[in-house]
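Trainee: These protein sequences, in sequence, are chains A, B and C. Terminal number for the first sequence in this note's numbering: 360, no gaps in between. Terminal number for the second sequence in this note's numbering: 405, no gaps in between. Terminal number for the third sequence in this note's numbering: 293, no gaps in between.
In the EDC-like style, the derived pairs of lysine to aspartate or glutamate whose C-alpha atoms are separated by at most 16 Å in a straight line are: (1) B/K64 / C/D80; (2) A/K358 / C/E289; (3) B/K290 / A/D323.
FYI, nobody ran anything at the bench for these hints, they're computed from the structure.
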Amino acid sequence: MNLEEYKGVFIYAQQVDGETSPIAYELLGKAKELAAPLEAKVTAVLIGSGVKGLCDGLAEYGADRVILVDDPELKDYRTEPYAHALASVINEFKPDIMLVGATAIGRDLGPTVSARVHTGLTADCTSLEIGDFPIVPVAGKESLHNQLLMTRPAFGGNTIATIACPDNRPQMATVRPGVMQKIAPVKGAKAEIVEFNPGFTPDNKYVTIKEIVKAVNTTADIMDAQVLVSGGRGVGSAENFKLLEDLAEALGGTVSCSRAVVDAGWKPKDLQVGQTGKTVRPKIYFAIGISGAIQHVAGMEESDLIVAINKDEDAPIFSVADYGVVGDLNKIVPKLTEAIKADKAAKAG
Amino acid sequence: MDFTLDKQHEMARQLFKDFAVNEAKPLAQETDEEEKFPRPTVDKMAKYGFLGIPIPKEYGGQGCDVLTYIMAVEELSKVCGTTGVILSAHTSLCADPILTFGTEEQKQKYLVPLAKGEKLGAFGLTEPGAGTDAQGQQTKAVLEGDEWVLNGSKCFITNGKEADIYVIFAVTGKIEKRGKFMKEISAFIVEKGTPGFTFGVKEAKMGIRGSSTYELIFTDCRIPKENLLGAQGKGFNIAMHTLDGGRIGIAAQALGLAEGALETTINYVKERKQFGRSIAQFQNTQFQLADMATKVQAAQYLVYRAAAKKDEYVKNPKISYSVEAAMAKLYAAEVAMEVTTKAVQLHGGYGYIREYDVERMMRDAKITEIYEGTSEVQRMVISANILK
Amino acid sequence: MKIVVCVKQVPDTKGGVKFNPDGTLDRAAMLAIMNPDDKAGLEAALRLKDQYGAEVTVLTMGLPKAADVLREAIAMGADKGVLVTDRRLGGADTWATSTTIAGALRNLEYDLIITGRQAIDGDTAQVGPQIAEHLGIPVISYAEEISVDEAAKKVTVKRQFDDRYMMVEAQLPCLVTALSELNEPRYMTPGGIFDACAAEITTWGRDDLKDVDDSNIGLAGSPTKIAKASDKVRKGAGEKVVPDSPDDAVSYIVGKLNEKHAI
Chain A
12 MNLEEYKGVF IYAQQVDGET SPIAYELLGK AKELAAPLEA KVTAVLIGSG
62 VKGLCDGLAE YGADRVILVD DPELKDYRTE PYAHALASVI NEFKPDIMLV
112 GATAIGRDLG PTVSARVHTG LTADCTSLEI GDFPIVPVAG KESLHNQLLM
162 TRPAFGGNTI ATIACPDNRP QMATVRPGVM QKIAPVKGAK AEIVEFNPGF
212 TPDNKYVTIK EIVKAVNTTA DIMDAQVLVS GGRGVGSAEN FKLLEDLAEA
262 LGGTVSCSRA VVDAGWKPKD LQVGQTGKTV RPKIYFAIGI SGAIQHVAGM
312 EESDLIVAIN KDEDAPIFSV ADYGVVGDLN KIVPKLTEAI KADKAAKAG
Chain B
18 MDFTLDKQHE MARQLFKDFA VNEAKPLAQE TDEEEKFPRP TVDKMAKYGF
68 LGIPIPKEYG GQGCDVLTYI MAVEELSKVC GTTGVILSAH TSLCADPILT
118 FGTEEQKQKY LVPLAKGEKL GAFGLTEPGA GTDAQGQQTK AVLEGDEWVL
168 NGSKCFITNG KEADIYVIFA VTGKIEKRGK FMKEISAFIV EKGTPGFTFG
218 VKEAKMGIRG SSTYELIFTD CRIPKENLLG AQGKGFNIAM HTLDGGRIGI
268 AAQALGLAEG ALETTINYVK ERKQFGRSIA QFQNTQFQLA DMATKVQAAQ
318 YLVYRAAAKK DEYVKNPKIS YSVEAAMAKL YAAEVAMEVT TKAVQLHGGY
368 GYIREYDVER MMRDAKITEI YEGTSEVQRM VISANILK
Chain C
31 MKIVVCVKQV PDTKGGVKFN PDGTLDRAAM LAIMNPDDKA GLEAALRLKD
81 QYGAEVTVLT MGLPKAADVL REAIAMGADK GVLVTDRRLG GADTWATSTT
131 IAGALRNLEY DLIITGRQAI DGDTAQVGPQ IAEHLGIPVI SYAEEISVDE
181 AAKKVTVKRQ FDDRYMMVEA QLPCLVTALS ELNEPRYMTP GGIFDACAAE
231 ITTWGRDDLK DVDDSNIGLA GSPTKIAKAS DKVRKGAGEK VVPDSPDDAV
281 SYIVGKLNEK HAI
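Bound conformation, chain A alone (with noise of 0.2 Å):
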């Protein structure tokens, strides 16, 4: 493997039913970062069946030019034509990076790929980076730069890895959704548009989709709220979540829980922060009557302002909170609700 011909930031730009996904903007986010300091360009892969109409919102967060493979077995996502469409590009236009979503399409798709094409894949990663592998230079071993560093939780949250792929081209990843952050969109922005197919033939790793069933959402996503009002055990009832509700509706949040709360029934699951939920980082987090297990701060901590309201002194979660307060939350945030609206109504007046 040359590793010098590999060029190049690509980004797998996910879509589902004809819709970009938002990871594949927040990748673009990312990769316009990373192409920086390689002096690289930025290339969106899109893969489905009619999808070119796709390629200039891609352009507007960011990619300089969008490998498009466009058929008709590519209908539905499965996982043999994609891996095929993507792997063909990556051995075709030969990335130096390749990054994909850690959405269950792209976890799905990357470890195939990465099979496919022999090189290492860091899964779920939450941070990444150009720099020096090794990170401090070590004795008698060559010093790589501009190589990706790529950070990622592991042990549900409680440790945390720095990887490299030093040997291996493309340094592929998958990032999880909700981390890095899409650019403001460059309106009519234009990208360089190349259609490649390399050819579709159907063998014992195509599957046969039965039936699709999507699932109702009426819950908005908490994964795009800005104020999070999060609620657990400690509020006691699906009933009294209505506290919570009035306060998320004064600040314009959302309301989202913990995992105990969905256990007992109380909420939906796609309501859920944490290692088994969502990952999230509002700009303020309410966490109330969270006792604050570690799978819950793992989907939070990165919250811009986290205020915790706990009865419990020693619960966990004022140990990553910013403004802990130790209260009963049936008293306290019945009249938080009022004089956050006293105060938006001060504010306007």
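We have chain A already, so just place chains B and C on it with the hints.
Mentor: Frame of chain A; chains B and C shown alone:
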């Protein structure tokens, strides 16, 4: 001499612990509060072979040893004393005598479904006027043609109304011994649903409130002749032998209760704060816990030793394990009472509240000093052996 | 039908993670368990065995003590255990792990391979799909339901995606990755434990792997290298107050939010 468990027993303990915590514990409070037999737990125990642990595979059992079975009773009793005694009565008092004294036909017909957990077992010896003193038995069995006809009643029967197969003792005649007439006692296997076999009152108890303690009533209850268990007249021996084994089960129940109360208390004293520090930081708490832990450990050794001795007996029926069983039961029961009482004390006011598990554990523990031979009877067994 | 289930022994993080006094993870204090997603995969295999009749082989790669999870699997009802262990295989990343396991699988007959989606220590979800790739068989990840048509040599899987699920049909042999939501794994049985402890565990080393090049195994054969690893340093605690009244609490919070221009 090796005090560590081997791999298979370690794995079995982990299994019982997981099962107890996941399945039995969530029902423990309701079982006690509503005096409700924990049927869902018993059904799951049946599914996973817990009702036939020391029974050979050829009779539908798990082919494990007594120690494994004892650990099951111990782990279940840590979280729910009722569940522990249900398993103990089924295994030690019903399946075991059929395995030991039954004919091949009886084993196929009764032991196999007991071991597979398709049927639940119970044991009827005690009567209002006859506890340990078997000579006080009033229930009679008379052979009429091909049938034994039973008349009389049994009381305080664990698994009473929930069981399907009962080992019942009755007077079948008189024998002369050194010029004195003694009652001749025999053992029988009786199935639920046999005409003339009904249930009397359900006892309202201090502890182990979900164990379905009933009076059994026999009124011209006819059972087939072949349901005589062991030889006619050997009932007393069968009962004493069975109770030797049963005592190890109850010792394990007592041990489990003591361990459960100790664990609960250790967690509590670390959390509970008084005068600005956790009560675990007070020397009184520390010393109390040290004594409790030491006694629990000693009890465990005695119980495991008795189990190991019974395992030896399985291979060599010439040896006796009755002294080991009596010592284990005596000590473990008294430790259970002491440790659960101290656990309540260390919990302070909360220990007296139903919501806290130690309150139930203390009530559950008391019976272990009473049934299957009171502590006084255990002392008689032990001293008789020392002084012989 | 022959089913191979790949399992991993992992430290149990469920009951809370234990730390050393210096803040690093105390791995020794955590119980080694069968990875939950893998256990769900095993349960799925055992249910197929109950339903259709199948021979279930469990395979693991790890230190010699990883044989414990094989014994657990046998005690739950699996038929055979294979342990792949060799110093030369140590330090493997997902690439080298998947080439190794694929090399072991080439020695076995299989219609269906089931792996867990991901392990709770690594959380990568990569090894399953990569094994399938090395073996040239289809992969269906995130299975919530599995059914098999033995005659037609087909497997149908309800596969979960973020906002939807798909019913997918694939030809056997096929690899399926299981989610712990797939089922409630059964307990071991006491007799199963005794049998498992007496059972012979097949142990393979590097030389038993089929069609695996030295350049693709162990630390040296791993494309990814650890540049830095640390136990996560938690964000330090901010302020904590115990206000005298709810009103004090509210004015404290509103004051701080205004101070930070958060509202």
